[in-house]
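Student: Sequence:
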Amino acid sequence: MPIYSSDSDDQPATTSRLFGRQRSLHQILGGGKVADILLWRKKNISAAVLIGSTIIWFLFEVAEYNFVSLLCHISIISMIFLFIWYSGAGFANWSPPDIHRIRIPESTLRWLLDKIDWFLFKFYEISTGKDFRQFFLAVVSLWILSVIGNYFSSLNLLYLGVVCMETLPALYERYEAEVDHLATRGNRDAKKLYKKFDLKVLNKIPRGPVKEKRFR
1 MPIYSSDSDD QPATTSRLFG RQRSLHQILG GGKVADILLW RKKNISAAVL IGSTIIWFLF
61 EVAEYNFVSL LCHISIISMI FLFIWYSGAG FANWSPPDIH RIRIPESTLR WLLDKIDWFL
121 FKFYEISTGK DFRQFFLAVV SLWILSVIGN YFSSLNLLYL GVVCMETLPA LYERYEAEVD
181 HLATRGNRDA KKLYKKFDLK VLNKIPRGPV KEKRFR
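The sequence shown begins at 1 in the numbering used here and counts up one residue at a time.
Keep in mind the hints are simulated off the structure, nothing from the lab. All residues carry an ideal CB built from backbone N, CA and C; glycine is no exception. The reader is advised that the hints may include incorrect statements.
[As the list claims (entries may be wrong)] Label-pair restraints from in silico Cβ distances:
(1) N93 - S141: 54 to 60 Å
(2) F91 - K115: 42 to 48 Å
(3) K43 - G129: 21 to 27 Å
(4) N93 - S153: 45 to 51 Å
Could you build the full structure based on these sequences and the hints that come with them?
Tutor: Structural data, given as structure tokens:
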């Protein structure tokens, strides 16, 4: 017997959201500053992240710059800049640099620690196998990522991930209706193909007689 019930192919097509999501993309990405950056709500910061990542990738992967050498050169340039700034403050009307103003906000540290705690909790929750489907998908995804990592360097893989995160969510949000329509149509076509395969191939495979169990 076919697995799917016989639905009419002339039914009106209804477009559903990708992955059956109910919330907006901004809410799925956290709804905070990170979501604003990934969706290009703050274009200056988003562009700075993308350009900075590209420069780092170019220096290490294309120019084959050494990390220790780059760190030392950046430190040397920063020290010379601060030396000129501090020394020139005595001859001109400049205010010398105040190191006490250079502080990482507590909110940033708190957000970072919250994200680490959330990741550890999520990792533990998936690893327990309470949701076996989620556990299986996580293991398969990590295995696929490890296979891909054999063909790409870690820096190339990291840069590719950054570029995808900086471009795909924004592009999807902009062309959400078109992508959802194509995804729904592709899912419907895939079901039709499987129904034909089930009718023409799977149902023709001979099966042995099913023995009825007798209960005493």
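Student: Starting from the range 45 to 51 Å, see whether the pair N93 and S153 falls in it by beta-carbon distance.
Tutor: Holds, at about 50 Å.
Student: Lying within 21 to 27 Å: is that true of the beta-carbon distance K43 to G129?
Tutor: 42 Å, violated
Student: With respect to the beta-carbon atoms only, verify the hint that N93 and S141 lie 54 to 60 Å apart.
Tutor: With a Cβ separation near 59 Å, N93 and S141 satisfy 54 to 60 Å, so the hint holds.
Student: Verify the CB-CB distance for F91 and K115 against the hinted window 42 to 48 Å.
Tutor: With Cβ atoms ~46 Å apart, the hint holds.
Checked against the numbered hints above, the structure breaks only hint 3 and satisfies the rest.
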